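Enquirer: Residue numbers (our numbering), protein chains in the order written: chain A, 67 to 1033; chain B, 1372 to 1787; chain C, 24 to 208; chain D, 131 to 224.
Take these hints with a grain of salt, some might be off.
Stretch by stretch, here's where chain B covers chain D in the computed footprint (C-beta under 8 Å, at least three residues) [to be verified]: (1) 149 to 156; (2) 178 to 191; (3) 202 to 211.
SDA-like mimics (lysine to any residue), calculated; alpha carbons at most 20 Å apart, straight line [claimed, not checked]: (4) A:Lys919 x D:Arg224; (5) A:Lys830 x C:Gly123; (6) B:Lys1598 x B:Arg1721; (7) B:Lys1525 x B:Arg1486.
Source of the hints: derived by calculation from the structure; they are not laboratory data. Values in this document were obtained by computation on a predicted structure and should not be read as measured data. Every residue, glycine too, gets a C-beta built ideally from N, C-alpha and C.
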Amino acid sequence: MTQAMRIEGGMVDRERTLAFSWNGRWMTGYQGDTLASALLANGERLVGRSFKYHRPRGIFSSGSEEPSALVQLRDGAAQEPNTRATTVELFDGLYATSQNHRGPLAFDLMAVNDLLSPFLAAGFYYKTFMWPKAFWERVYEPLIRASAGLGRLSMQPDPDAYDHGFLHCDLLVIGAGPAGLSAALAASRSGLRVILVDEDFVPGGRLSAETHEVGGQAGADWVAEATAELAANGNVRLMTRTTAFGAFDHGIYGAIERRTDHLVDAEDRPRQVLWRIYTRRALLAAGATERSMAFGNNDRPGIMLAGAVRAYVNRFGVAPGRRVAVFTNNDDGLRTADDLSDKGIEITAVVDARQGDVVEDTIGRRGIRAIRLGDGRRIDADCLAVSGGWSPNVHLTCHHRGRPVWNAEVVGFVPGGELPPGMSVAGAANGTMTLAATIREGHGAGAEIAGDLGAGGSPGTPVEAVDESFAAAPFWHVTGLRNRAWVDLQNDVTTKDVRQSHQEGFRSVEHLKRYTTLGMATDQGRTANVLGLALMAEAAGKSIEETGTTIFRPPYTPVAIGAFGGRARGEHFRPHRLTPSHKWAEENGADFVEAGMWLRAQWFKKPGEKGWRDSVDREASQVRKSVGICDVTTLGKIDIQGRDAAEFLNRVYANAFLKLPVGKVRYGLMLREDGICYDDGTTARLSESHFVMTTTTANAVLVFRNLEFARQCLWPDLDVHLISTTDGWAQFAIAGPNSRALLAKVVDDLDLSNDAFPFMACAKCSVFGGTPARLFRISFSGELAYEIAVPARFGDSMIRALMKTGEEFDAVPYGTEALGVLRIEKGHVAGNEITGQTTARMLGLGSMLSSSKDAIGLRLSKRDAMNADDGMRLAGFRPVDRSVILTAGAHFLNPGDPADMAHDQGWMTSVAYSPELGISVGLGFLKRGTERMGETVRAYSPVRDQDVLVEVCSPHHVDPDGVRQRG
Amino acid sequence: MRYSALRILKEGLTGNRGWQPAWREPEPKPEYDIVIIGGGGHGLATAYYLAKEFGERNVAVLEKGWLGSGNIGRNTTIIRSNYLLEGNQPFYEFSLKLWEGLEQDFNYNAMVSQRGILNLCHSDPQRDAFVRRGNAMRLSGADAVILGPDEIRKMCPYLDHESARFPITGALWQPRGGTVRHDAVAWGYARGADRRGVDIVQNCEVTGFDIKDGRCLGVETTKGPIKAKKVAMCAAGSSSRVAALAGLRLPIESHVLQAFVSEGLKPVLPGVITFGAGHFYVSQSDKGGLVFGGDIDGYNTYAQRGNLPVVEDVCEGGMAIMPMIGRARLLRMWGGVMDMSMDGSPFIDRTHVEGLYLNAGWCYGGFKATPASGYCYAHLLASGQPHETARFFRLDRFRQGAMIDEKGVGAQPNLH
Amino acid sequence: MDEITLEAAPVLGGANLEISGNRIVERDDLAIVSIATPLDGQDALAEALRNGWSLDVPDPTRSTLSGEVRAIRTSPDQMLLIFPHATPDAEATVQDRLAGTGYTTDQTDSWIVLEVAGPDTLSAMERVCPLDVPSFEIGGTGRTVMEHMGAMAIRTGDDSFLLLSASSSAVSFLHAVETSYRNVT
Amino acid sequence: MIIDHPLLGPRDAAEFVVLGDASLIDRPDGMTATVEEMHDYAYLRDNPAGDHRELWYHEQGDRSWLVVTRSTLTHEVIKVELARNVARAQGRSR
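Take these sequences, add in the hints, and give me the full structure.
Expert: Set out below in structure tokens:
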């Protein structure tokens, strides 16, 4: 096909012919076309189907307000549903298909819905499909869902990259039409830092679509001149293909820039960039959107907004029809007839509602062939240009929930109420509907804002232009129609639906929207809402002012979810934190596990080991038998210094800390103010005024935050200072009976004997001949154990040196799984027990709560319900049948009791296979658990198909007296 | 007028001219037995059950805007009973059972759609917690299944099973969970209550309480004073404001939760999916839009709108777990104001003012609770006794130390 | 095996990348020591800084520079001293000159320092840094969050910055910075 | 949102963590307070629709706790102070 509808003129580049595929057929267009203009150039009028009735749909507009011409762009994983053909820039090789039809587009089987429309009126689905009850999920809903939606996702990961970014400016101008350009010129000449964004791929706004002159030259030439001046100014950033989609708090705007959508191949560059724009002021110059009127069968392909018809003729050099009729209620619509006549297109009728003439119905099946006038005359037309007036694009003014106000002169809603702070509006968006006035207003706004912000330069004068005539009359719909008249073209809401909504009591505008789905389609009703409101007002016998309007919410136009997600995908969803021994661990068979942001080795697989249990059992056994080494760098470390550091610690830990001697470590329990335990760890005193606190890996950030709160807000005059050193030290646990012997070969000149360096001792020292280190004698495994820390830069070297030195003891590296086995055997609590729901008493640590001081949480830990004698208590559990492997998360029931919530006795928090004992062991909370040693209870886990008897025992499965760790 | 397929046929053949208003638009009477403040889902459900189950028909619902204008019309429509604690789970299971018979009960198709809810987990401790929760659900008579990675891959091949930063290690699956057409719930309850004589008064804001000697005798409104034997606050999102009119300070903060819907798409998701390593949950409506959300913005607010960082956070979660949605476009974002309570759980209780009752603190779990909340509140109002399943929702539970803290984050509302 | 000595290793192995005429270099020659101001000890500390390094206490959004020693305010009562120093005893050398007028903590190993420079640096920073760095004067500093990682930016020239972030996530941080350059070049 | 930090100037709220009502500064002395007083401190909030004093923590910044006076209706930030100074002004010390 050879672009049969292409005519002279326009801004397309006829030297650059582009081939594209539409529904499998190859066609051509030019650089500068949109997919819509190229389709029209090729005579394609039927391009889609409506949502509910599957009515034929064509191209209705020339911009982002398009309700009808939605296509699927590209194919394979890059398939992009619901894409407006009117905003897609044509590129060579573009591939697009129509959507929402069963069978070929021209013979959509679902069009049967149109015949059933009397039974599918507003809200019909709320009134049926209820019987029989089971049929909803099985029969009705699958049918409804099968016909739901418009386009299709590819079901494959989006192949493109996205990015985000941050921009700062004095003034953001939204819209590069005559108002926006004038404002940007004035503001930038004055010296402001200006960002000018426009959703189109060429600046100019309506000037690109009209034949107006500006400054004595063609509008487009002035636009080129203005943009050249802006481009030459280093303080201006002009961003086309960029939509400001939302006004957020305090002058922050969201904008989406389409970087590669118009390219055949993005070459791995981000497809779109989501900008967060920080502004001191913003000027909305987003223009206005034309709307239709309601008349019979006003939805056929070939029926178009008049302004769009002019855009196709003037900007793209395409005739939307050969014989065009015009139906208007304003002067702007009449201009269409003039423009088209100038291009030699036949005008078959100009129907002006202000003269009492109307189009009552249209004729045609897959496209309009003729119109029928109110007086019964039939007039041929393959295109009907309709103008029902223009609605200012006030959307962003409403994003802080301010409501626009009705302006009878404009016959539309204009900005009103409270605008987002810092925002002003100029041009058609402000209800200023003629060219010269728009330019003056834009210029004035730019100059005024520059003045407000103290810019000293001269804004210059606004460019000369002539005001065209603008006389709109409020005409909404033709009365006495026999056929349906559409209000919302995409969602198939007709004038009858609006009236029925009112009849059924859905009389608030929000009820109207929700009941009929008016304005809820992908175009957010930009061409439909005002018409719907006018009809609603009429039905209620009220004015439009009294009826009000729904609120516009972000985004102004739909934005790809991928763009909001930015780079945070796949493994880059969140940063990785790596321990200093990570590289060594990779080399030594480690399997890694996510622990918050950290990656930790969970076990080290040896040749011949079949499953993870083999590795973990070996590691845990070897710790108890000889010695093991585990990277524990991930524990939070907070350096605490100051004259009042001890006093401070005493107030943030529930147990006493004031008298901790220098050179000693103490276990500390931290409560929230509500008396619940939320973290634990050890704190070492390195000097009178210097402590090092450790926290759990999970709570490191929270504890630091809470300590800063206590320091700054609760006790601002304590001399205490905090800094995180978590990443600064590579810290290794060295556990097992041979740990002392191993360390003796590592640590320089420190007496490690039990007397000189007993359990809970700490010291600054050096290792391997002079590398500074810190040594702590603490144990999570219950064995004789230490933790040794060196500056992180030595971490990799340290693990290699430790393993080398440990060879003579058959030292093993152990991971988090063995760490867990060892602590469960020993009965130490961890995250599975300290869940933020447990009290010290539940944990068996009630005696640690000091009663002789004030510390966070102590007071409220005394409340009755937290101290009931029949409360949950930590206990150990072993299967009665020793071969059973226990399940964490099982609930306890007394044997013989029914399995229901009223008889719930507690739950199993942690389980492990104990290589030491040769059985599965568990920890858990059981009502009065400490009093029930030796009893048998059911461990009931229906989701794991397990129901076994367990024996209640001490949580200290191994070395209950703590002999080993003190040895 | 009873709704049925036959009625639709008849109306369709006669030009849909015979439909009656779904509810009256009455002016308030000077006195009622019970006045409910708040014409949202919970208030309308309370009125409905008062009339239908407890024979209380001299009831008014006062709504400051249009009925259903609160969170009933701004949520992400999910129903489920997958709670952990004894204080919560039986209540939510009761609610789910009421959902299951609701449409036939009030003769309105609210599209209760039990296509399941899948909570993904990404670590061993998280899976252990899900096992404990699943078992608690089973103990309360609910359905719960633990799935492994292979089963999830089969069920949802489009999730990121390959390169995820936080690999999927399992899931808690509740087949009876699902979604409901939210507005229709308000309309169904309103229509059902109205038919039983309840006055639903729209555009009627409560401006004060008539309290004498510790007893509530009625309310002041923009439509004049109304006397009542019992006054029932039920204004989630504005609970603190309304309660302050009666001199009460509540353990509640108001926060905004944003929600999002994409353009309409052919069906891709069967049920609800929640991401366990970020803030993202999603379902697909019968119209085809992906309905999704994440975390609250975190600051106190009564403005029904949020900010960009949370939008990005939610979509990051979506792209992390479900990278096929990158080219679907976000169509609309909106915000609802939540009563965030100090332990994440609600209140259905008397207050210290005689005759004044409170239903509040639903955090962002209020929608799924709508039927049981209405039923239990009606039970309390009519009988003076708490309903068995709502007996833990006491206003004084923090004094006792009997928190119902599912998340274990304590008295910090923006973390629940 | 008696003669084991530990070797210091740069976190990123001494990363040094060139991207279309821009450079990203890991600076592993710098020591970082934090100094906290004792309650009511501002004057004594300020004097010690002047005497020890000819440095002024920096304003909250500025760094001060004396020779190769740079001071940055990180919080109202804390600053970082950054200076070339090879051995793990930087804190002691600082404390020597402070003589107890400030609480010191060695932070060298807590941070990764990237030096970024080149013509596309400001464009790349737009993609990763929410601060208005184009408006930073030379020496201007800010701490913020970049791609979910806490980070500091110090403007060292028209087209160059020092970027600091936590050492444990250095690989991710380098990736974030590198991606920013690749996305704009 | 933008928080105009008294030391650092305007910063994106995304750098901050919000704790909530600034009344959390007014912690009673745990040795003398009754459980009731401590309960009111920990659990009850004014939750006004209007100006609200609240605690923000500049976690990805200078680690300052701030008292931000902000409207919960419009989000307008009216005042930002260092919480430490506020605490001292309210008589808190050691």
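Enquirer: Hint by hint, say whether it matches the structure.
Expert: Hint check results:
no.: 1; hint: 149 to 156; in the structure: holds (count 3)
no.: 2; hint: 178 to 191; in the structure: holds (count 4)
no.: 3; hint: 202 to 211; in the structure: holds (count 4)
no.: 4; hint: A:Lys919 x D:Arg224; in the structure: holds, 14 Å
no.: 5; hint: A:Lys830 x C:Gly123; in the structure: holds, 19 Å
no.: 6; hint: B:Lys1598 x B:Arg1721; in the structure: holds, 18 Å
no.: 7; hint: B:Lys1525 x B:Arg1486; in the structure: holds, 16 Å
Hint compliance for this structure: every hint is met.
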